[in-house]
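Sequences listed follow chains A and B, in order. Numbers 26 to 253, taken from our numbering, label the letters of the first sequence in order. Numbers 133 to 492, taken from our numbering, label the letters of the second sequence in order.
Quick caveat, the hints were computed from the structure, so don't treat them as lab data. Treat the hints with care, since some could be wrong.
Derived contacts from chain A toward chain B, CB cut-off under 8 angstroms, selection only [stated by the list, open to error]:
1) P146
2) E148
3) A151
4) T152
5) L168
A virtual CB, placed ideally from N, CA and C, is assigned to each residue, including glycine.
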Amino acid sequence: MLTTTDLDTLLLTFKVASIATALMLLFGTPLAWWLARTRSAWKGIINAVVALPLVLPPTVLGFYLLVLMGPSGVIGQFTNWLGLGTLPFTFTGLVIASVLYSLPFVVQPLQAAFTTIGERPLEAAATLRASPLDTFFSVVVPLAKPGFLTATILGFAHTVGEFGVVLMVGGNIPDKTRVVSVQIYNHVEALEYSEAHWLAGCLLLFSFSVLLVLYTVLKTHPVAHQLK
Amino acid sequence: MILPINARFQLDYGTFQLVVDLTLPGSGVSVLFGHSGSGKTTLLRCIAGLQKARQGFLEINGKIWQDSNQDIFVPAYKRPLGYVFQEANLFPHLTVSANLQFGLKRIAKTASNAVDLQHIVELLGIDHLQNRMPDSLSGGERQRVAIARALALNPEVLLMDEPLASLDAKRKQEILPFLSRLHQQLNIPVLYVTHSQQEVAQLADHLVILADGLVVAEGPVPETLCRLDVPMAQDREAATVWQVTVLEQEAQYHLTRVGFSEGTLSLPMIDAGIGTRLRLQIYARDVSIALVAPTATSILNVLPATITGLTDERNGQCVVRLQVGNQVLLSHITQKSALLLGLQVGLTVYAQIKGTSILN
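Taking the hints into account, I'd like the entire structure generated from these sequences.
Structure below.
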């Protein structure tokens with residue numbers, strides 16, 4: 026059975042993933058839009074940076090974030106200056122790390138969707154008196170709906186599944202940074218295999234459902250497509 | 133008072149340059165004609181503001197839309213125009229009705245721009261499609277919706293970029309009558325891009341011929357079609373267009389007599405009332421030349437004419453430009469005939485018209 030602590034970690038995981046996904050959509054949408062349309066020389070570099078977490082071991086990303094957000098890191102000094110203290114081993118730090126870690130899973134489906142839309146509907150909208158912002162919300166967003174759905178689902182699911190970054194940046198603090206993947210690790214360390222089974226089963230079911238929705242309802246090939 | 137359109141653009145894409153300086157009439161259909169790569173679509177896009185020529189000046193209906201010297205460039209979405217794309221470009225996520233409303237919702241509702249959308253919808257025959265999605269429409273239906281969507285904005289100028297090019301011959305015939313009808317009912321200027329001589333003959337009042345980014349000929353349609361320095365005059369499909377009026381029906385002969393500024397013509401019977409104005413297309417290949425008035429001939433339409441131009445032979449063929457009063461006519465004849473008859477500029481001859489076709 027799931028213990029109260031397990032339920033707390035599930036709840037925390039859900040909270041981290043929800044907030045991170047919302048932030049990723051907020052920042053990832055303009056970024057993906059820019060990447061889909063720019064002819065700037067920076068495009069290649071930014072694309073590569075956004076895609077880094079896809080290939081980098083999570084511990085490497087977590088390590089750098091830990092250093093940067095620590096008391097002597099650039100970000101850490103900035104947050105200290107703002108009077109916020111340092112971010113490692115806090116809920117905020119965990120959310121920020123999650124956003125960076127899962128961003129390609131949001132940006133890439135959106136970028137692909139925006140590229141597919143092409144120039145023509147935008148030009149049609151312009152000749153029908155729609156300003157660029159108006160066009161984005163009345164034409165681009167509805168046409169890119171499958172892209173937004175894929176981005177949301179993948180971004181959320183990937184955040185739920187993270188472990189390495191969490192361990193590095195968030196640590197293992199109950200109710201603050203202890204998410205499901207870490208809790209499973211704790212159970213296994215303590216040889217509590219039956220508890221580990223329950224939580225692992227939950228994650229397995231969740232991940233499978235997500236992919237099932239993606240492949241059947243949305244008919245996309247999430248990972249294969251993005252890496253193109 | 134309808135003001136002319138002034139358009140000057142200079143654009144350089146390295147391999148392609150566009151240099152135009154045009155004054156187009158503020159009413160009627162001006163056709164921008166040329167082969168692919170001639171710059172006709174680029175010119176239209178510059179006028180719409182979809183593309184920005186670094187050097188440009190554009191004045192429509194007394195308003196400046198671009199003046200690069202003063203750093204003025206009105207973005208496309210602020211220009212009161214209607215644009216019809218080659219592919220209908222309907223929004224796939226919206227019904228026909230929502231597509232028609234898209235622009236309408238975004239223009240200020242004032243008395244001066246109130247349009248009768250229902251009238252436009254009926255004119256284009258799309259009333260029964262209102263609740264359909266664009267994907268379920270045929271190419272011709274989609275294009276009609278696109279035209280209605282552009283007109284719904286009550287634009288100050290209508291820009292059409294080869295609206296028929298993506299349709300097959302049957303669909304073209306389905307839309308052309310609508311376009312001709314629009315042409316009679318609209319009092320805004322229409323700029324129409326095409327590479328089809330048939331569409332030029334059917335729709336154009338004013339013709340601009342473009343090649344390699346330059347204007348090679350420009351003017352009212354009948355005169356411009358008959359310019360011998362324009363490749364169109366050499367074409368097998370070369371023709372001129374005359375405005376005629378129905379004068380009387382000769383039912384016993386199945387003929388209709390029509391009048392033009394210099395006389396009358398007998399045509400195979402046309403189902404139209406007396407006084408109807410028609411566009412008549414006369415192919416150069418259907419016009420032959422006689423030196424003396426033919427008395428015994430089966431050809432009914434013989435008009436006295438003066439030769440005002442004669443091209444050198446090409447593949448044994450010559451093009452003759454004939455002046456009938458203030459109307460012009462082209463004739464394709466063989467080089468041999470031209471030599472035997474001793475044709476030369478200034479000679480008075482008789483033009484025999486073997487056949488014509490009515491365009492609307």
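### Interface hint status, L168 of chain A versus chain B (Cβ within 8 angstroms)
6 angstroms, holds
#### Entry: Restraint check, 8 angstroms cut-off on beta carbons, for T152 of chain A near chain B
Holds: closest Cβ of chain B sits about 4 angstroms from T152 of chain A, inside 8 angstroms.
### Task
Please verify that hint: A151 of chain A, Cβ, nearest Cβ of chain B, below 8 angstroms or not.
It holds, given that the least Cβ distance between A151 of chain A and chain B is near 4 angstroms, below 8 angstroms.
### Status of the hint placing P146 of chain A at chain B (closest C-beta pair under 8 angstroms)
6 angstroms, holds
### Hint check: 8 angstroms Cβ-Cβ cutoff, E148 of chain A to chain B
5 angstroms, holds
Checked against the numbered hints above, the structure violates none of them.
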